[in-house]
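Listed in order, the protein sequences are those of chains R and F. Residue 125 in this note's numbering is what sits at position 125 of the first sequence, and the numbering runs on without skipping anything. Residue 80 in this note's numbering is what sits at position 80 of the second sequence, and the numbering runs on without skipping anything.
Among the hints, a few may not be true.
When chains are identical, the list treats them as one kind, so a pair holds in a single copy or across two.
Claimed, not checked - 25 Å max Cα-Cα, derived DSS-like pairs, lysine-lysine:
{"id": "1", "residue 1": "LYS310", "residue 2": "LYS131"}
{"id": "2", "residue 1": "LYS260", "residue 2": "LYS178"}
{"id": "3", "residue 1": "LYS78", "residue 2": "LYS310"}
{"id": "4", "residue 1": "LYS249", "residue 2": "LYS78"}
{"id": "5", "residue 1": "LYS81", "residue 2": "LYS332"}
{"id": "6", "residue 1": "LYS10", "residue 2": "LYS125"}
{"id": "7", "residue 1": "LYS220", "residue 2": "LYS310"}
{"id": "8", "residue 1": "LYS78", "residue 2": "LYS178"}
{"id": "9", "residue 1": "LYS310", "residue 2": "LYS208"}
{"id": "10", "residue 1": "LYS208", "residue 2": "LYS249"}
{"id": "11", "residue 1": "LYS78", "residue 2": "LYS220"}
{"id": "12", "residue 1": "LYS220", "residue 2": "LYS260"}
{"id": "13", "residue 1": "LYS208", "residue 2": "LYS332"}
{"id": "14", "residue 1": "LYS260", "residue 2": "LYS249"}
Since the hints were derived computationally from the structure, they do not count as laboratory data.
Residue-level listing of the chains:
Protein chains: 2
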Amino acid sequence: MAVLRTNQMKIVLDAMGSENMPAADVAGAVEAARVYSQDEIILVGREELIQPELAKFDTSGLNLSVVHAEEIIEMTDKPRKVVRGKPNSSMHVGLNLVKNGEADAFVSMGNTGCTLAVSMLGTLKRIAGVKRPAIAAVFPIPSRPILLDNGANADCDAENLLQFGIMGSIYAAAANGKPNPTVGLLSNGEEEGKGNTLVQEAGELLAKSSINYIGNVEPKDFMQGRVDVAVADGFVGNVMLKTAEATAKMLTELIRTEIKAGVLSTVGGLLARPAMRRAGASLDPDEVGGAPLLGVNGVVMIGHGSSGSKAVKNAIGQARQAVDSGIVEAIKAGIETG
Amino acid sequence: MAVLRTNQMKIVLDAMGSENMPAADVAGAVEAARVYSQDEIILVGREELIQPELAKFDTSGLNLSVVHAEEIIEMTDKPRKVVRGKPNSSMHVGLNLVKNGEADAFVSMGNTGCTLAVSMLGTLKRIAGVKRPAIAAVFPIPSRPILLDNGANADCDAENLLQFGIMGSIYAAAANGKPNPTVGLLSNGEEEGKGNTLVQEAGELLAKSSINYIGNVEPKDFMQGRVDVAVADGFVGNVMLKTAEATAKMLTELIRTEIKAGVLSTVGGLLARPAMRRAGASLDPDEVGGAPLLGVNGVVMIGHGSSGSKAVKNAIGQARQAVDSGIVEAIKAGIETG
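Model the full assembly from the supplied sequences, consistent with the hints where possible.
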């Protein structure tokens, strides 16, 4: 299926997104505009807040523009209330630019639930046939495996999980450069028959699908790169992602504390520091930056509220790659054929 | 409630349990008999396999005995089949010693599903009022938090989770020395209203209970020791435990690889090695050794199939502590009062 695009891509960034908005968001947009100089980065939000941040950088020659949006969606806002309650938010304005074909992708570090609600209910809507869009998290570990859903749907049925598998497979292939990616079902054991009722039912559907489904996978299979895509309901997926992050943080803190406890080990720690930093970088969420919301009728990339400029820049890079691979058209086709 | 026991404790060890049975199991029993010299360790299993292993140690003066059991439950055996299909297994014989008052606790590194089935259906049975016994995993991290269920029940309802909270609270208080332990409900966000339907329903029940319930907790709260007990269904709990283990393993391997990649960092790594080893020991599952099966009518401690002698010895130590604290009587009382 051919995808029609102009050569120049237009990426919208929600400038009111991150906890440090608009500073981190604008700085990330400037970094992205330098790296992806052929494309246009459109900052959406309160112009009087964005311009002073932009003025801190030398933006001459950069392809950056600003579109004003009067309202701001806060981290504490409720998804159900903002869809109609804040129709002039940076999310609404930015997502409508994508909906109306004036931009190719929308990127936000803002309130995840509100981004979902405004995308699905207020602006882009779902791709026909997709029951539940899902957030696909690319884990910042060497093999870059994809886990979905990562929190969009706390309660799922087996057909939802089947569609997550199809969409995850397409994303891994198209945007992440993994041909014929392997897809597993996250479970508490590899053997057939393991898992809860939902996993057992979803396994039957996935086995009949046309994707490269390899059966149940345990967390260790995922972390060691034995599978490209793992499917879980949004509650389990989010607990898994957060557990991995919390464990990595706890372990690095333990090592730091123990190293500082002795003279020899302190010297050793200093000598080994660059190596440990490289190991840490392999697990840095900012290296990925954003997670795509798969199943909506447009490219949407969601990042952590705590993102800094590097994460913002990388999320924009991921959005470019997703647009470039024609992910929305591919999901349309994939959901039709199963 | 008074607990009547003789001063000398009798702990049964399933000598046919671990993947390296009976070598690892017997070696662990010998270590335990040396440390807990006032108590008796009863090895149950095929005598002709146990005696040659025992002969490798100087057991003079140790309070070790052997009870023969003809059948062996394999890691590949199905729980439903062994309850009636292998009535002379080391699990049946050992658990019946506890049931008949001839021993105080049963410890096995064997097939977890079979241990559950033989305990619940074939021998000890459940404590009256307990709907689903649960496996309570003590995480081998500095604050020693407890997560349950850890795999006994893949599908749960809200009342199951309420009972897990009550039993986990009692275990943390009685056997782990945590007075008035805090209990949280594992969720994908701390805010009320977060979580799937099961978690939201269970939260309402837990809030009305008499335990020290503090609401939803995220994985990071648990890993950082902000809660003594976290409650989850057995599928989520098991995925969380396995994710933490897999992440710790992956991170230590990454650090090792990066340190070995350079001369300076290799020297640094050597100097820092004892400190890193101490950090690693804080996360060593063998330091805990066993997870209690709470809710059955007797003390049952379950360990990893891959356990070595240290884990076996520590699981026996945990079983002693559980018996000493009168955990079964405490759960009987706790489930009655809610």
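Worksheet item: When no copy is specified for LYS208 and LYS332, does a C-alpha distance of 25 Å or less occur within a copy, between copies, both, or neither?
Response: For LYS208 and LYS332, only the intra-copy Cα distance (19 Å) is at most 25 Å; the inter-copy one is 47 Å.
Practice prompt. Classify it for me, LYS81 with LYS332: is the Cα-Cα distance of at most 25 Å met within a copy, between copies, both or neither?
Written response: Cα proximity of LYS81 and LYS332: none, with 29 Å in one copy and 47 Å across.
Worksheet item: Quick one: LYS220 to LYS310, C-alpha cut-off 25 Å, is that within a copy, between copies, both, or neither?
Response: This pair counts as between: shortest inter-copy Cα distance 24 Å, intra-copy 29 Å.
Worksheet item: Can you tell me if LYS208 and LYS249 fall within 25 Å by alpha carbon in one copy, between copies, both or neither?
Response: Answer is neither: 39 Å inside a copy and 34 Å across each miss the 25 Å cutoff.
Worksheet item: Within a copy, between copies, both or neither: where do LYS78 and LYS178 come within 25 Å Cα-Cα?
Response: This pair counts as neither: shortest intra-copy Cα distance 37 Å, inter-copy 38 Å.
Discussion item. At most 25 Å between CA atoms: does that hold for LYS249 and LYS78 within a copy, between copies, both, or neither?
Written reply: Answer is neither: 29 Å inside a copy and 38 Å across each miss the 25 Å cutoff.
Worksheet item: Are the CA atoms of LYS78 and LYS310 at most 25 Å apart within a copy, between copies, both, or neither?
Response: This pair counts as neither: shortest intra-copy Cα distance 28 Å, inter-copy 51 Å.
Practice prompt. Check LYS260 against LYS178 for me: Cα-Cα at most 25 Å, and say if that holds within a copy, between copies, both or neither.
Written response: Result: close neither inside a copy nor across copies, 42 Å intra and 29 Å inter.
Fill in: Status of LYS260 relative to LYS220 across identical chains (alpha carbons, at most 25 Å)
between (30 Å within a copy, 23 Å between copies)
Worksheet entry | Alpha-carbon proximity between LYS260 and LYS249, which holds within one copy, between copies, both or neither at 25 Å | both (17 Å within a copy, 22 Å between copies)
Item to complete: Please work out whether the CA atoms of LYS310 and LYS208 approach to 25 Å or closer within one copy, between two copies, in both situations, or in neither?
Response: neither (41 Å within a copy, 45 Å between copies)
Item to complete: Can you give me the call for LYS78 and LYS220, within, between, both or neither, at a CA distance of at most 25 Å?
Response: For LYS78 and LYS220, only the inter-copy Cα distance (23 Å) is at most 25 Å; the intra-copy one is 35 Å.
Hints 1, 2, 3, 4, 5, 8, 9, 10 from the earlier list are contradicted by this structure; the remaining hints agree with it.
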